Amino acid sequence: MSYSQYSGNPYQQGPSQESGYGYGNPYGQQEQHEMQPYGQPYDQQPAAAPAVHVLSQQDFLSRVSHVRSEIRSLTADVQQIAGLHQRALAGSDPQAQQQLDGLVASTQLKNTSIRDQIRSLKADVERTTDGSAGLKKRQFDALNNDFKKELQGYLQEEQQYKERYRDQIARQYRIVNPDATETEVREAADRDWGNEGIFQTALRTNRTGQASAVLGAVRARHNELQKIEQSITELAGLFQDLDTLVVQQEPTVIRAEEQTEQTNQHLQKGNEQVAVGITHARRARKLKWWCALVVLLIVIAIALGVALGLTVGKNATSK
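Take full-length UniProt numbering: the last position of the sequence shown gets the number 319, and nothing is skipped along the way.
Calculated from the structure, these hints are not laboratory results.
Some hints here could point you the wrong way.
In silico SDA-like links for lysine to any residue, alpha-carbon gap of 25 Å or less [said to hold, decoys possible]: (1) K149 to K269; (2) K149 to Q268; (3) K148 to T244; (4) K110 to N144; (5) K110 to Q160; (6) K314 to C291; (7) K110 to D141; (8) K110 to K314; (9) K148 to K269; (10) K148 to T112; (11) K149 to T233; (12) K269 to G131; (13) K149 to E182; (14) K148 to D93; (15) K148 to Q168; (16) K149 to I71; (17) K148 to L245; (18) K110 to E182; (19) K149 to D116; (20) K148 to R127; (21) K149 to A123.
On a predicted model such as this, the values are computed, not experimentally measured, just so you know.
Build out the structure end to end from the sequences listed, making use of the hints.
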């Protein structure tokens, strides 16, 4: 069995690629550096990059929805990889290994694509300063966490596959050395069987044809084990990269949230002041009415007093 197509950098284009499960870093990006001639005229320098466009809330949510659909597809791929792991370890289906190689390569590409899209969304969150910043931040956090959970599941599957591979190496080593202790078996599982010296030493201890065949199988499985370990390392690096994205984007988002919170507080205080003003206005109107009523009563009392005085005066005069 061979993970011949599982390796190499499936994202690197060139005349040749290394073969094997996990060789190369499929989650990295190539860098190209060109020397700029010293003293090159200013008009030949590269033009300044144009201003970066900030996504509208609708466009941002549309991209989030697209990435979520790819994560769901990744979930199905990981489940299929787990089934192919079982068939590949059993060794009864020669096509399982080829299917596994192809599926793992395409899954690596998908992981990188999702990671890059999340990076792009993260950059947009950092550039957003309007009222949609809070919503974008929440959507980004949820999306990033969902992808991390899926990668964690994929990483666990690869680690379990690695342990089952180690168990097979241990069982095959016991066939060659049935009297080996448990410690010797564990050391054999960790031994670098790709090293020609170690392999030849093991052959000298047991020259039977069966031993030679079994040790050859052990050596092949050890090579596959190294490729699996490389894939695990790359997945762990991608997982750490997503953690870094969260850490890097938090300060900008926090500032945007603080500004939004301050605006809300100012609006709330303004509403409270308006409510107090309305209450005072109502009280002032009521006071005016009461004052008017008191004045009216005073006028009526004065009028009654004057009228009563006049009436009494007339009566006294007539007598």
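Checked hints:
Proposed proximity of K149 and K269 is contradicted: the alpha carbons are some 42 Å apart, above 25 Å. Between K149 and Q268 the alpha-carbon distance is near 39 Å, which puts this suggested pair outside the 25 Å criterion. Our distance criterion of 25 Å between C-alpha atoms is met by K148 and T244, whose separation comes to about 12 Å. With a C-alpha separation of about 15 Å, the suggested pairing of K110 with N144 holds against the 25 Å cut-off.
Taken as a hint, the K110 and Q160 pair is honoured in the structure, with Cα atoms around 22 Å apart against an allowance of 25 Å. Note on K314 and C291: the hinted pairing is violated, with a Cα-Cα distance of about 34 Å set against a maximum of 25 Å. Of the pairs offered as hints, the one joining K110 and D141 holds, with about 20 Å between alpha carbons and a cut-off of 25 Å not exceeded. Among the hinted pairs, K110 with K314 is inconsistent with the structure: their alpha-carbon atoms are about 114 Å apart, more than 25 Å.
As the CA atoms of K148 and K269 are separated by approximately 41 Å, the hinted pair breaks the 25 Å bound. Straight-line distance between C-alpha atoms of K148 and T112 comes to about 13 Å, which keeps the hinted pair within the 25 Å bound. For the hint pairing K149 with T233, the CA-to-CA distance comes to about 17 Å; that is within 25 Å, so the pair holds. Between K269 and G131 the CA atoms are separated by roughly 19 Å; this keeps the pair inside 25 Å, and the hint holds.
The suggested pairing of K149 with E182 is violated, with an alpha-carbon distance near 36 Å, which exceeds 25 Å. Taking the CA atoms of K148 and D93, the gap is about 32 Å. The hint is violated against a cut of 25 Å. Taken as a hint, the K148 and Q168 pair is broken in the structure, with Cα atoms around 30 Å apart against an allowance of 25 Å. Under the criterion of a C-alpha separation no larger than 25 Å, the hint pairing K149 with I71 is consistent with the structure, at around 10 Å.
A C-alpha spacing of about 11 Å is found between K148 and L245, which places the hinted pair at or below 25 Å, so the restraint holds. Annotation: proposed proximity of K110 to E182 is violated, straight-line Cα distance about 41 Å (limit 25 Å). Between the alpha carbons of K149 and D116 the distance comes to roughly 17 Å, so the proposed pair stays at or under 25 Å and holds. Restraint check for K148 and R127: the C-alpha separation of about 23 Å stays at or below 25 Å, so the hint holds.
Only pairs whose Cα atoms come within 25 Å are accepted, and K149 paired with A123 is accepted, the gap being roughly 21 Å.
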